[in-house]
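Residues per chain, in single letters:
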Amino acid sequence: MAQALPNATVMPPIGGGIQTPLAAAAAAAQRRRLADETAAWFARNQVHFGVSIAGEVVQRPIPYDPLPRIVDSAEWTWLERALAQRVKALDEFVRDAYGEARILRAGLVPPQLVYGSTSWFRSCRGPAALRPGQITIAGIDLVRVEGRWLVLEDNLRVPSGASYALASRRALADLAPELLADLRPRGLGDYPRRLLAAVQQRYSEEGLTVLLSPGPANAAYYEHCELARLMGIPVVTSADLVASHRGVWLRRESGNAPVARIYHRYSPEYLDPLGGRDDSLIGIPFLFAAWRQGKVVLANAPTCGVADDKRLFPYVPALIQYYLGEQPMLEQPLTIGLENISRRREVLARFDDFVFKPVNGSGGKGIVFGPVANGEERAAVSAALDEAPGTMVAQPLLQIERLPCVASAGELEWRRCDLRAFVVVDVDPWVMPGGLTRVAPGTDQWLVNSSAGGGVKDTWVES
Amino acid sequence: MGAIFPIGAGRQYEIVHDSIHHYERDATRSRNEVRLQPLPRKGIQLDSFRLEVTPAAEMDAQVDHFGNPTWLVSVEAPHSELRVTARSQVSIAEGDATRKTATPWEPDVLVLTPAVEFKLPSPRVPELPAIKALARQMGLAEADWDSLLRANRELRLQFEYLPGSTEVSSTLQEILERRVGVCQDFAHVLIALARHLGWPARYVSGYLVPEAESEGNSHAWVEIGSSDGGWLGLDPTHRSETREWHVAVAVGRDYSDVSPLRGVFVSAAPGAPPEVSVKIAAIDPFDLRRQLHTARHALQDQQ
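Protein sequence lines correspond, in order, to chains A and B. Note that my numbering has the first sequence beginning at 5, numbered continuously upward. Note that my numbering has the second sequence beginning at 572, numbered continuously upward.
Pulled out of the complex, with its shape left as it was, chain B reads as follows (with noise of 0.2 Å):
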């Protein structure tokens, strides 16, 4: 995560999501479920997206149970490293600051919908009595969104933002006794306490879109469900509502739904993490060698 800088309306960017992984020993075959196109969303035009594997490979874009474009990648060739690389452009408008309003659900309304799913427990997110405590210690009202506005504003209070501190693969139960994370952990834990207070409350994977070039900014937040149609995003990293500048990627019950890569390889040894690297860069509208790039790449595609 990184800071959040105001941006301007109408502007361009791109977003260049690069992770490697090395083989200790050659794989044979590996089949990868990838998910980094971002979603289309108001004000959030996806003008361009490219996925690059190496070595060579067939692929498939496809849409999950989620509404996820997810591109089913396949490489038959043996290979000590796999390369995706997804650029995608996307224009951002200026969002719309006023605030709204989520609408509570009458519980037996709620599981006669389809957005029941996301107020069940879920792999990432099982029911807790740690989260009725913390519940319980912020003072949160059951189906009240003011409660969940604070609840969101003031998790940060409680937990420690520490980069490192905990792992892809830590389970809430550890975040709650050891009061640290970052903000896939921070989503985890309001998701759980949205839940916990009636609300169908779901993940969002994506990038958060800065002014200035720079590094890394892949991000994880929260939507939750409104009894009145529509899913309204929270932010417990950055203690705010979400704006435009959010550009979802995946959404899901939880991470576990929302991997950005998922793979089986056929190797005598097992792999390591891969390196991940994420751009984000304005594009600049006067940049011509760049617009000239961009229209050759959409032509290889028609191709």
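So here's chain A without its partners, still in its complex pose (with noise of 0.2 Å):
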């Protein structure tokens, strides 16, 4: 079972060596003062993430720890490289899947990953689902393994994080000025207009462009009004808008007034209950209609869930190789299909050398790791297999990187952490240089999901 990567390629020049100023030379306590002022800070600006409990979102700041993760220059320029070519192959494959499907005849892909995927529409066939971009914003989740970077993640239908970074990173610029001064790591701020540059920049008829939100009760409404407010554009919902087949428009007292794009907050299969789900509430009637037709402009496409698919990932170096030609840069985990019987016990029988993950979760519900899990937690995945073996995956558990962390006392504990990195095609792919950090709540934790009460830090990248 212990087979080499898929996709050995160069490796990334090494930066972990650096420290951050407050991690080598400050007092305990000064840490612990700096940990409590920008957890205040969070607090009062109401950098909210909403966690479930009891069946009830609950909006609360985020936990936020102020020792930033320090990636080097030279380390950076090779991930926006590599960042850029596998955003770039995704986008060829949603297209793709919604066109000729070459790569399907090609016999490269299994067919049920796109005639038998959820997140392939059929209602989304049509001219709009054919343009190039359909990828507007993807948050590609990596970390760092014995100095390699791994993607463990793509995320293009929602997602999340951005406004997190950019939280982290003006909370220390407001409470820890005299540290930015001394590294200058590279500036945030141009995201929100990049992204907004990126909308506009796809075709559409004449009209507002809007935020669309599933509404306050979402995870992330702070991020929703947050980032419409930097882009300068209304947050609306689903009750504002009416869309028919000649496009859409938002309801104003005033009269109906046309709206050419939607940056849509959505898991796509929620926007529109004739060409998603039915069970939809909070969907938009006829909004795949318009879309289709290039009406309104929406992004991300809603194609892109097709690209998404745990089922999918192990696929996307193959992707990279066939739509451009080229050997991926960035490596990602083994992933196992645990269909075949024989494999699902040679698995299992390793109980504690995987983490198994359900191929349609996000947030890090239902994923257990091999070390940790309790006989109950075993069985159960056992039982989830036997019963339908296509609903999970396994990967190989990685020792990933653990990045100091101020703990209760202001001294150092060492978490595990991930990088979220965004990145914005216009034209050409952007990376928003630094992204969000994310930290697993304790140094005996695995996931550093913000749903399963992970935090975030800032990531400064050196100019």
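Please keep in mind that the hints were generated in silico from the structure rather than gathered at the bench. Every residue gets a Cβ at the ideal spot worked out from N, C-alpha and C, and that includes glycine. Heads up, none of these hints are tricks.
Computed footprint of chain B on chain A; a stretch qualifies when at least three of its residues, placed anywhere within it, have a C-beta under 8 Å from a C-beta of chain B:
no., segment
1, 126-140
2, 288-298
Computed beta-carbon distance windows for the label pairs:
no., chain 1, residue 1, chain 2, residue 2, range
3, B, S811, A, R347, 37 to 47 Å
4, A, G219, B, T674, 46 to 56 Å
5, A, Y207, B, K703, 44 to 54 Å
Hints given; two lone chains; assemble the complex.
Structural data, given as structure tokens:
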């Protein structure tokens, strides 16, 4: 089972040796004070992320660790190229999946990953699905393992988190400007302008640009309001919009105003009850009809989900080779399908070496880490796989990089971290120079997802 | 479904498909996808089609992923009732009675063609152990056209035809357990068997054209993809292959892709199931009054 990573490539230059000034020098008391002050800053500015508690979404400040992750500039330049390559290939795949499906005819991807995907909407086939730039914003989750960057997940439906990266930087700029002055990391402030430009660059008719939010009960509602504010566009919900095959309008007392571009924050199957899930209560009927005829821009396009299905993930290196004719730069962990009974037995027999992931999950829900799973959890994984073998995949457990964080008394503790990188696709891809470093909620924790209680820290790219 | 009558060559028929949706409380707005326009097929020509909607609606004709004409119907005014009437005139030429044969697929060839979409499980036709058991019980062989023809003829021996015994929402598992159904259910069972035996299979909704004027002939049957291209129709309800009197309206993986009317409306109360009636009548070529009527409609369409 111990196979080489499928796409071994050139090693990125390593910049892991740099310590943040605070982690190295500052005294424990000083660190504790900064941690308290920044936490208060997050609470004061209501930098909230909703956590589900007993079925209710409770909005609370996202946990913040003030010690930034530092990435050196050569390493970052390499990452920018690698991320751009990946997102470009994923966009090609989306358009191909809705077009001629050449990749299926070539036999490189199993047809059920398109025709059998609940994220491949037959109602979205049409001219709009063939245009370049289906992806406007991608959130690619990376981890560093022994100095090499690996991709863990591509988020193309509604990648969240950019506003928390912006808040992380502003908190430090307000409270510890001397730190920033020392290292002068590359600025993040360009993100809202870049995102707006990318949304507006997409072809459409005349009309308003709006941010469509599922509403205040959504975990990332803070982000919806904050990004809309920074982009200078209104936040609307489904009750404000009406669609027909001719277009989309914002309902106003003074009359309906045409809407040309929608930066939406929906999981796309909920956008239109007639084109996606018919049980969506927050959908806008005929939104897909307006979109597929080019009457309105949706960013991201509702087509994108076909490319971030976890069952497709193992094929992404092949997509890069097929569409771009290039060697994939970023590596990714081996992902093992468990439909085959003998392979399933083999993997389950070495439970501790693997992490088990539901193919359709998000936010870390349902993920089981071999070494820390109790008897009950192990039995549940086995039972779930016997019942429906295609619903989970296994990946070898990685020794994910731990970064220094401020513990309760101001001492340092080392917690697992990943990095969500944000790639904005205008004419060319642009990578936010930093991104969101997500932090596991404790030293013995594996999951970094915010919905699993994880926190965030700032990410400094050396200029 | 009704009895099949032999029909004369070169006759013209009018099909009127009427559905009325009542709302307990006024709907303020509604959006509907309507699939009621017959598909042109070999020997079947669509001479005219009109979709009438009350109250007044905005309409647009599009073609869906499966190639079905799909009308998008938007109503903005408050209404307590939505009436959708589709009037189709079709000319049916005498069909070809010679038997056709579908050629089976090599599995590794099928996965590389678009037809594979109809081989995979679909929302209303999941993979079920009970289908495997039924195929075994009926002694059906994989990738064998004669076996499939036999399944089409003998399915009704396994199931009782009982109108009203199932609902539009009945699952395949329920049908297999209860062994009763209507044309829609038999079509789903045959699709499941065909896919299990290695064939791409699709669902067809449409009308069965009778010789004399009669009521209600909405029908459903199955088409099997042949590896040499083309689709061959099987009607498990009538235990026969399809003929020119099977007028297709929409094709899809199963019923969920072809519903005649799917809609969403804004109202304070839920809606009730629609009242549906279908009337099919042969058009008398000497009935000048009707021809004038048709000509007037055509004129209105142009305006």
